[in-house]
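Going down the list, the protein sequences come from chains A and B. For the first sequence, position 46 (counting from the first letter as 1) is numbered 46 according to this note's numbering, and the numbering increases by one without interruption. For the second sequence, position 156 (counting from the first letter as 1) is numbered 156 according to this note's numbering, and the numbering increases by one without interruption.
Hints were generated in silico from the structure; no laboratory data involved. Check the hints yourself; a few may be wrong.
Reference excerpt, derived from the structure (chain B facing chain A, CB under 7 Å, subset only) [stated by the list, open to error]: (1) I167; (2) S169; (3) A171; (4) G172; (5) Y176; (6) M178.
Think of the CB as a built atom: it goes at the ideal place given N, C-alpha and C, for glycine as much as any other residue.
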Amino acid sequence: MKNLKSRLFVSDSRLSDLITAHPSLLSLLTRLGISLGFGDRSIADVCEASGVDTDFFLLICNVHTFNNYVPSTAAILGTDMTGLVPYLEKSHKYYVDKRLPHIERHLDAIAKQLQGRIGQVFISFFQQYKQEVLTHFSHEERDVFPHIRALMNGERDTTYSIGEFLHTHSDIEGKLDDLLNIIFKYLPPQVDDDNVLDVVYDILRLSEDLKKHTIIEEKIMVPLVKHLENAILS
Amino acid sequence: MKQRLLIVEPSELIIEGLKSILDGQIRFKVLEPEMTAEHLTERLVGSRPDIMLVNPTLIDNVAHLRGENPLAVVALVYQYVERDVLKQYDAVVDIRDSRAVIIETLAQASPGESETGKSNYELTKRETAVLVQLAQGKTNKEIADALNVSVHTVISHRKNITHKTGIKSVAGLTVYAMLNNLIDESSLL
Chain A
1 MKNLKSRLFV
11 SDSRLSDLIT
21 AHPSLLSLLT
31 RLGISLGFGD
41 RSIADVCEAS
51 GVDTDFFLLI
61 CNVHTFNNYV
71 PSTAAILGTD
81 MTGLVPYLEK
91 SHKYYVDKRL
101 PHIERHLDAI
111 AKQLQGRIGQ
121 VFISFFQQYK
131 QEVLTHFSHE
141 ERDVFPHIRA
151 LMNGERDTTY
161 SIGEFLHTHS
171 DIEGKLDDLL
181 NIIFKYLPPQ
191 VDDDNVLDVV
201 YDILRLSEDL
211 KKHTIIEEKI
221 MVPLVKHLEN
231 AILS
Chain B
1 MKQRLLIVEP
11 SELIIEGLKS
21 ILDGQIRFKV
31 LEPEMTAEHL
41 TERLVGSRPD
51 IMLVNPTLID
61 NVAHLRGENP
71 LAVVALVYQY
81 VERDVLKQYD
91 AVVDIRDSRA
101 VIIETLAQAS
111 PGESETGKSN
121 YELTKRETAV
131 LVQLAQGKTN
141 KEIADALNVS
151 VHTVISHRKN
161 ITHKTGIKSV
171 AGLTVYAMLN
181 NLIDESSLL
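Here chain A stands alone, though its shape is the one from the complex (with noise of 0.2 Å):
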């Protein structure tokens, strides 16, 4: 894409329009130490205001949002790193904690309204992958996270490295896709529409969402431990 450098978001941009043009950017400012009520400041003057690395703020929204974006790698050691991980363990959290829960409660909503035991293994299909999801991530806070906190602390940390994480990296999204199309392609009519229409948007967004963050752990997380292996190893 040619013209992507001069559609990248910049620090005298004001964070209303950012967020104007892209809504979806709204639910990161949260994990990213932002409060809403930012009036029409800069991204510069809010990331300072909030004690945010404003380069760092840009380089996620920016890897959100432009999907062929992938920052160099001098972008990525340019940049103030401290924020990085605390960032993806709050995202972790959203998940977890907001966005799961969330789509739980619509689906016992529209499991109780399923005949006999087909509620019953139409739920235990999302517990199934939300435990899926949750072992991913913890595998990430136990074994990813401190490994990049030690790195950064400049310790040489050898019982673990990134490539075990690029080989374990499992897609996390394929089953959400899976209850997707069973949501909206094969459940009974007699199951209410506001229900289904509920659960098939927050879906949606968590799909997005993953899909996200798992980029951002692909193009930011994974070249900067990297850099930062050799660094320490050479």
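Given the coordinates of chain A, assemble chain B onto it according to the supplied hints.
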């Protein structure tokens, strides 16, 4: 509708043998055979076969040849062929197979197995049978044995099921099977 069958085989003797087995079959229309792979790509566009029965020594990359065409590619073997090569095919016909087995293998591999009048997105009887076994927790091998088909055929049915329903995981397919009353509660493990 008749399945359009293209034989790709260098031996005239084998071609004539297959033709005599298949000519009397109402299910197949045997197209003009190809004796080399040279013009296959053009033939796929020109003759639109539903099934291609191919000598694997003539072709390196089945997926490449198949491209976007919704056709079944069946291997025709009369010598030892490596397992990895055969994996690329939807089914395997051995020239030592009986007439009935050859016909049955081709019939099951054919993509347009559905009953007439139904849309292409509805599962065929065979696909439904595979789905039911999947939902019961059976492996590809167990399903192949139960339905008396090859593992290749089971895999190709599974691909079609996923393509039609949009559901990839076995757990998701189980929910689908229940919602469509294909299995009842007692048959779940």
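In ascending order, which of the hints set out earlier in this document are inconsistent with the structure?
none
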